[in-house]
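**Student:** Once you have looked at the hints, place chains X and U on chain V.
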Amino acid sequence: MSELYSTAHSAITDPSLHAWGPEIPVYLFLGGFTAGIMVLSGWALWQGRRNQRAHATFSLASSGLFTLGLGAISLGMLALFLDLSHKAYVWRLYLTMKPWSPMSWGAWILLLVYPVLLAGVLLDPPRWLLRFAPALDALWRRLADDGRVRRSTGFVSITTGVALGIYTGILLSALGARPLWSSALLGPLFLVSGLSTSAAFAHWASPEPAEREQMAWLDNLFLTIELGLLGSLLIGLLSSTEAHAEAARLLLGGPYTAVFWVGVVGLGILLPLVIQSLAVTGRVAHTPIAPVLVILGGLALRFVIVYAGQYSHWPRV
Amino acid sequence: MTTIGGLSRRRFLKIAGAGAGVAAVGGSVGELLWKAHGGRETERGLRQVPTFCDICFWKCGAIASVRDGVLWKIEGNPDDPLSRGRLCPRGTGGVGAHFDSDRLRAPLMRRSVRGQEQWTEVTWDEALGAVAGKMQKIKAEHGPEAIALFSHGIGGTFLKHTLKAFGTPNVTAPSFAQCRGPRDVGFNLTFGEEVGSPERTDIRNARCLVLIGSHLGENMHNTQVQEFAAAVGAGASIIVVDPRFSIAASKARFYLPIKPGTDIALLLAWMNTLVTEELYDKDYVQRFGFGFEAFAAEITPFTPEWAYPETGIEPEVIRETAREMARQRPATLVHPGRHATWYGDDAQRSRAIALLNALLGSWGRKGGFYAPVSMDVPAYPYPPYPKSTRGKADNPGKRYPFANETITTGIREATLTGKPYPIKGWFVYGSNLIHALPNEQETIRAIQNLDLLVVVDVIGSEIAGWADIVLPEATYLERYDEINVETFREPFVALRQPVVEPPADQKPNWWIARELAGKLGLEAYFPWKDIEEYLAHRLEGAGLSFEELKKKGILRGEKKPIYFEEGVEPTFPTPSGKIEFYSTQLREAGFDPVPKYRRPPQGPAGSFRLLFGRAPVHSFSRTQTNPILHEMMAENEVWVNVNVATRYGLKNGDLVRLKNQDGVVSNPVKVRATQAIRADCVYIVHGFGHTSKMLRRALGRGASDAGLVTRYEVDPLMGGTGMNVNFVTLEAGA
Amino acid sequence: MARLGMAIDTRKCVGCMDCVVACKTENDVPEGFNRDWIRYEYQGEWPTLRLEIRSERCNHCDEPPCVSCCPTGASHVHPFGAVVLVDKDECIGCKACVASCPYDARFIHPDGYADKCTFCIHRVEQGLQPACVAVCPTRCMYFGDLDDAHSEVSRLLASRKHHSLLPGAGTEPRIFYLE
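In the order they appear, the protein sequences are chains V, X and U. Just remember that the working numbering sits 929 ahead of the position in the first sequence, which is counted from 1. Just remember that the working numbering sits 11 ahead of the position in the second sequence, which is counted from 1. Just remember that the working numbering sits 516 ahead of the position in the third sequence, which is counted from 1.
Just chain V, with the same shape it has in the complex (with noise of 0.2 Å):
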């Protein structure tokens, strides 16, 4: 039998951390997002895939889609300035490299995210850029048509995507005060998770059929891989020490269970797997159903694993 009284009551972590709001899971999603797409289009870019139309898609290694990760990385990365409580200052977080801080990584990453995408932009030069800076047509369609470059900018574009992917998680996990987020497997599986939101996207938004059932196909590897990786993760903590399984019992019978369970597991990745299963043997059609549930789960496992997370604690004791 013990008792713990405590006088404790900065509002921040009394009585428990609540350090970050809806801004860092919007954030860690959208980088997540944007990391998929830059692996999807970089891995198609490889390939020598191009836009097969004369206007903007989003179909993969086109420019539509470098933009909507442009726009995504952007959205988030203004999710994390409205996050930050000392904004006025920002600008120190790039004067400085500091090689055991992830976040400090993260920054130098997103900004070298920026012209990875824009490169990917140029290489399917939209219309109206075209019509903006004639003088330059003949410099970009040259380039964009040289494969050596196509293939380097693909390359850069998945190592870039996967480390703006793994650095989402470690982001978390390199806080080890919560122990709910002291995994390894935190990089991986928002990388992971940030693939499957990707290809669920092109699966659904992509003009081209072919690329829609293999996106459809990839998303379901995906989403698998999450799951195992999901369980692997609860288990790692399980079998850890008790402070580590009392924080996955956040996700198992406390607190944070009906919305892990029912939304990101159930309705974000098996639901999914489910109809896409279904939809690439044939069975059903291709709906956006799938896609949108796909998207809707990652976000809600950002929220989840965030909120949680900062709910876990060390015993006080």
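One thing to keep in mind: the hints can contain errors.
Dumping the calculated EDC-like pairs for lysine to aspartate or glutamate here, alpha-carbon to alpha-carbon at most 16 Å [as the list claims (entries may be wrong)]:
no., chain 1, residue 1, chain 2, residue 2
1, V, Lys1016, U, Glu688
2, V, Lys1016, U, Asp627
3, V, Lys1016, U, Asp605
4, V, Lys1027, U, Glu606
5, X, Lys175, X, Glu534
6, X, Lys662, V, Glu932
7, V, Lys1016, U, Glu606
It should be emphasised that the hints constitute simulated quantities derived from the structure, not laboratory data.
**Tutor:** Showing chains X and U alone in chain V's frame:
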């Protein structure tokens, strides 16, 4: 420790500035204050002023720091024998008293029925004119004695003077009949001397310390807590008797979780053990004792086995603790407590504590009770006060024969009954009578009989809410007060002096008292032009320099012997001139000459005895709006034994209301379901559950024990009001 | 180079919160936040209870996660005494340090930057004790150089049983509780 290097001045300032919302008030304000008051400027923009604290009544020496003209912090004065350079949390948080947004700001006059708290702000001239007019009218109709003063602390000195000059002997304070009165009477009856305040307990040298319901560490009288920690650190044997596992209990070698109200049975069994096992200090008793044989005969039946069913303490534990006390005597201190008004037999219980100490030979000895000393500072030569022909109204016919101070509740009764003569005016200084006196309805009924109720206070307490006229006082940080000529281990005097200006139209009590005297035509009683002249005059009389005291805050005298073994002459100003083991004067007045145990009445089935006490961060009901102390503890909790709580389906943090035997229901209060209290009682910290609308920060926070104390047992010896005789049930819900 | 730390005697501590109040005024800690606090830990069944009272604050860890996670270097280990500090002019308010501390010792100051106990380095630099140590009426707190075998702190730690908080968290805290 090594000196600090590598930290540049710029860097240091940066760090110092971090987290410091330094109020950028121009230096000129600070300069002015610096010129106006004592203290010294230590570095640019920082001024330090020595003074003494008033958050409780211990009067610790303090040094207040003012940064750029704004009060910053208050620390202990290292020269002060009481604080030894360290204030308690309340004293440290005294800064908040100055900044409290709930402070009274201007004189207020009531403009609707009493207790409605509807006010008109008036000037001091109007307010004091109205007070003086009413006082003269009451004097004309009922005589000057019909005005009573309730006052607490050193700040009341000058109002007492004005009221006595006006002609009333009815000057009283709750510190007697609601607090330490029974203790001092019990010790007086035994040793011929009181314990006093600060208590003459030599805790720091005690090898065995016995605390009976005394929760040092929660009860935060600074010197006592410092010495308690020193004794714990030095490995003293601590014995704690308390129905609640207090902080002190957690430091104890022996924790005796006694059944509430049975302390006298335990004390008798302890004394029985010491006598039957011949462990007491025979030499001491033989030299200084009176009536020991008769005493020994009286306590013979009260064996530990007899006490066991009463107290719930096993006979072997009683014997073992008695032997432990004997092993360490005379450095065994059975602490007399302070708030001693529990069950109505309190003077006799205190006498039993005194007798136990006498058996251990600790009175006058190192590690027991020292003989306090003080400096000789002559009183100011005022004209004599008018003599009252009717005497005091509180204790007609000496109903309480051993009361040696004025009984607050006696004045209240006279106000209610008009006997022995009517009381028509109350002056209340710095004491929230609604929370301090038992049965607040009785107080409110008495107030309805008054023609005048004046309250002088810093905040708008509940009693201020009932007033006709409220006079806002400057806090201790903004005023001079009477010199503290302390009675302690060593002689010293201390000065309270202004550190900062009052933020609004608040005035120091001496100014209020003198202005009022002027309006009453009593100028002759205030021959000094201002307080500084008064203080300088008094100090000169003692050969001390006011200027030096202003700089240092404390002036210490020569150390003198304080123990018998150091040469203090053992004297016992009792009728027999000895320690009275058997009290002839008690017998003659019809009381037990040796304390006897009477089983306390129990409450209705399913109810819990209501116990209350202190928290280290609050003083009475006067600090709950102090923003710093409020933040430390915003509300109280009701301690309920966890098994009881489980039975009621309650867990930590659930809200309940307490309902007492007379149907009074408290505010909702949070449950603290804990192992640390017996199952037959509940405990709350005193001073919460405020109802005055003027106390915005504290309004409705926590529950008021005072509101639930509708019953009280009057001590037949001295009129103290035992308040631990109320029982409550737990009523669910907010 | 000194390594400043504390030894706190839980036998003497009464949990009066004076350390909390003194920190509040000394450092102008804003209302609603605290840089130090008290924990009361009861063990056992009534009436055989044990109570440990601890004055807690930033542990100025030897392996401070708040420093390693900080993206700008605002959280840093100061060369003097290895005290862990925050430079508010470098802090962007990302709150990673708040989340990284297993002791929940940090908070975000209303002005936006991360804030916490500084061991009162501004006082220590003047040869004074931290405010919490200097005010403590029970004199239960000892502050000094853990690397100096002759310091009072080191001698207490060498001679008395003690424990630190969450040793399993790998932070190597420098506040020790004497039992």
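**Student:** Measure nothing beyond the straight line between the CA atoms of X/Lys175 and X/Glu534; if it is 16 Å or shorter, mark the hint as holding.
**Tutor:** Cα-Cα ~13 Å, so holds.
**Student:** So if I understand the rule, the pair passes when the alpha-carbon distance is 16 Å or less; does V/Lys1016 with U/Asp627 pass?
**Tutor:** Since the Cα atoms of V/Lys1016 and U/Asp627 sit roughly 10 Å apart, the hinted pair holds (cutoff 16 Å).
**Student:** Sort out whether V/Glu932 lies within 16 Å of X/Lys662, counting only the CA atoms.
**Tutor:** OK: X/Lys662 and V/Glu932 at ~12 Å, within 16 Å.
**Student:** Within a Cα-Cα threshold of 16 Å, do V/Lys1027 and U/Glu606 meet the stated pairing?
**Tutor:** holds (13 Å)
**Student:** Run the distance test for V/Lys1016 versus U/Asp605: straight-line Cα separation, threshold 16 Å.
**Tutor:** With Cα atoms ~11 Å apart, V/Lys1016 and U/Asp605 stay inside 16 Å; holds.
**Student:** Measure nothing beyond the straight line between the CA atoms of V/Lys1016 and U/Glu606; if it is 16 Å or shorter, mark the hint as holding.
**Tutor:** holds (11 Å)
**Student:** Given the hinted pair V/Lys1016 and U/Glu688, is their Cα-Cα distance within 16 Å?
**Tutor:** Judged against 16 Å, a Cα distance of about 32 Å means the pair is violated.
When held up to the earlier numbered hints, the structure conflicts with hint 1 and nothing else.
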